[in-house]
Every structure is written in structure tokens, then in C-alpha cells.
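Student: Each residue of the sequence shown is one higher than the one before, counting from 1 in full-length UniProt numbering.
Treat the hints as calculated values from the structure; they're not laboratory data. Keep in mind that the hints are not guaranteed to be accurate.
What the hints assert, rightly or not - Here are the simulated DMTMM-like cross-link-like pairs (lysine to aspartate or glutamate), alpha carbons at most 20 Å apart as the crow flies: (1) 197 to 227; (2) 103 to 42; (3) 213 to 198; (4) 25 to 201; (5) 197 to 179; (6) 233 to 179; (7) 73 to 99; (8) 211 to 21; (9) 233 to 198; (10) 233 to 23; (11) 197 to 42; (12) 213 to 161; (13) 103 to 85; (14) 233 to 201; (15) 202 to 179; (16) 233 to 21; (17) 202 to 227; (18) 103 to 88; (19) 211 to 161; (20) 211 to 23; (21) 13 to 145; (22) 202 to 99; (23) 213 to 23; (24) 13 to 161; (25) 233 to 42; (26) 103 to 162; (27) 233 to 88; (28) 25 to 225; (29) 213 to 162; (30) 73 to 23.
Values in this document were obtained by computation on a predicted structure and should not be read as measured data.
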Amino acid sequence: MEGDEEVLKEEEKAIRTFNPELDRKVGPVPAPCLCLIEGANDSGKSVVAAQYCYGALRSGFSVHYVTTETSVKGLINGMRNLSWDVTEYFILGRLRINELHVKTLDWNPVLSSVILRVIITFMRRNNGVNVFIIDSLTYLLTHAEQRDILNFFTQVRNLVDENGKTIILTIHQYAVDQDLFLRLRSIADAHFVLSVKEMGEKLVRVMQVMKLKGASKGGLTVTFEVDQAFGIKVLPFSQAKA
């Protein structure tokens with residue numbers, strides 16, 4: 001575990017990424033907070049979620065990570081390969097990971113409703129955990145009724161406001177209809193939209209910071225690529241919208 005890990009203090013509850021360029025351009029995510037990370041396939045949602053997981057651990061928070069995208073071993077190894085070694089946090093219990101095997105299930109609205117309720121109950125009962133990350137909600141929301149989705153997000157919002165949890169959720173943009181998506185975005189404290197763009201002869205990821213509670217300005221755009229030796233490498237053509 002890094003010797004320069006910060007002790008969590010009451011007066012400075014915020015999650016830094018510990019990526020100097022990303023922290024300089026975007027700034028820390030406040031805690032508690034509801035953070036929504038949306039984007040298309042391969043746009044970097046899981047990488048951004050993992051970066052904030054690493055940052056939360058380095059900032060002194062405890063994290064519970066629910067993944068539908070990989071395994072426990074796959075997540076730990078994947079983060080280590082990007083220079084975010086969380087092995088000791090996992091051994092010490094500061095990082096807990098659960099796999100949710102969604103691709104083999106026969107999805108329907110009833111099943112989605114049950115799992116969404118189970119997730120809320122699970123988060124509510126884990127009082128010792130500061131940060132919850134769910135990567136991703138897509139399967140659960142795609143097959144859910146609108147009332148169940150709204151109820152889930154209402155309960156998540158309550159966990160942030162009343163229980164002081166920071167909850168980071170990733171979701172594909174096609175998971176719910178746009179009218180409902182507008183309502184979900186409106187209750188988030190932080191909202192990042194990721195996409196893939198072609199620049200010259202290579203593909204890069206673009207993260208738009210649509211909303212960040214406490215930030216001096218919104219509409220920031222950060223362009224990055226995923227470097228196997230460094231993790232998220234912010235590129236120089238990142239710029240703020242006028």
C-alpha cells in the first residue's frame with residue numbers, strides 16, 4: 001500500500017483520482033455523491049470507474065465494487081496492469097468485490113425488479129462502506145419497468161443524502177429511453193459522458209464532464225487514451241467548452 005496514502009479527514013471528504021492531469025483538469029469528486037458515468041461500448045466507462053475506485057482507496061475510503069463486466073481476479077489484475085495495484089486493500093478488506101453474472105440470466109421485468117431491490121438493501125446494510133461502485137447497471141435497467149428504475153434511483157439518492165454514501169454507477173446510453181435518462185441525470189451530483197472519437201490515425205476516448213457538484217465550471221471535455229503502463233493518459237487536446 002502506498003506510503004503517501006491520505007488519511008480521510010472530516011473536513012476534506014473528496015475523491016481524487018491520484019492522476020495528476022485528471023485531477024488538475026476535472027478536480028475531485030465530492031463525497032458523498034451520486035456519480036453517473038454513461039457511454040457507448042468500449043468508451044472507457046469501466047476504466048474511469050476503476051480509476052475512481054483506486055482514488056477512493058488512496059483517499060482513505062472503503063470501497064465495495066460490484067462488477068458485471070469481469071471477475072474478481074480479472075478486476076484486480078486489470079487494475080494492476082494499469083498501475084493501480086489494489087491487492088493489499090483487497091486483502092485488508094478495504095476493497096470488497098462482488099461479481100454479478102448477468103449475461104447467463106433469463107432477464108425479465110420481475111427479475112430486474114428483484115435484483116434492483118436486493119442491491120439497495122445490500123448497500124443500506126453495509127454501514128462500514130463509504131463508496132459503492134456498480135459497473136454496470138445496463139442489463140438490470142434494460143429489462144426493468146420505469147417505476148422500478150425510478151424507485152431504484154430514488155433509493156440511491158436517499159442513501160447519498162441520508163447515509164452519506166458515495167455511489168458511482170456506469171450505464172450504456174441505450175439502457176433506458178431518453179426522457180427517463182433526463183430525469184436520472186438531473187438527480188446526479190456528478191455526470192460524465194464518454195465516447196470514442198477518431199483523431200488522426202488513432203481512436204481516443206473523450207470524457208465530457210456534464211455536471212460536477214462544487215466545480216467552478218461545467219462543460220469540460222477531457223480527451224484520453226488508456227496506457228497499459230500508466231492507466232488514463234490525458235492528451236493535450238483536452239479543452240473546455242466555451
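Student: Could you grab the alpha-carbon distance between residue 25 and residue 225 and see if it respects the 20 Å cut-off?
Tutor: holds (15 Å)
Student: Can the restraint linking residue 211 and residue 161 be considered satisfied, given a maximum Cα separation of 20 Å?
Tutor: holds (18 Å)
Student: Holds or violated: residue 73 and residue 99, Cα atoms, limit 20 Å.
Tutor: Between residue 73 and residue 99 the Cα gap is close to 10 Å, so the pair holds against 20 Å.
Student: Does residue 179 lie within 20 Å of residue 202 when you go C-alpha to C-alpha?
Tutor: violated (34 Å)
Student: Given the hinted pair residue 211 and residue 21, is their alpha-carbon gap at most 20 Å?
Tutor: holds (19 Å)
Student: Can the restraint linking residue 213 and residue 198 be considered satisfied, given a maximum Cα separation of 20 Å?
Tutor: violated (30 Å)
Student: Measure nothing beyond the straight line between the CA atoms of residue 103 and residue 162; if it is 20 Å or shorter, mark the hint as holding.
Tutor: This hinted pair is violated, its Cα atoms lying about 33 Å apart.
Student: Check whether the Cα positions of residue 233 and residue 42 lie no farther apart than 20 Å.
Tutor: The hint holds at about 16 Å.
Student: Given the proposed pairing of residue 202 with residue 227, does the C-alpha separation stay at or below 20 Å?
Tutor: Holds. Residue 202 to residue 227 sits at ~13 Å (cutoff 20 Å).
Student: Would the pair residue 197 and residue 227 pass a check requiring their Cα atoms to be no farther apart than 20 Å?
Tutor: holds (16 Å)
Student: Between residue 197 and residue 42, is the straight-line Cα distance small enough, at 20 Å or below?
Tutor: holds (11 Å)
Student: Between residue 202 and residue 99, does the CA-CA distance stay at or below 20 Å?
Tutor: violated (33 Å)
The structure fails hints 3, 4, 5, 6, 13, 15, 18, 21, 22, 26, 27 and 30 (numbered hints given earlier, in ascending order).
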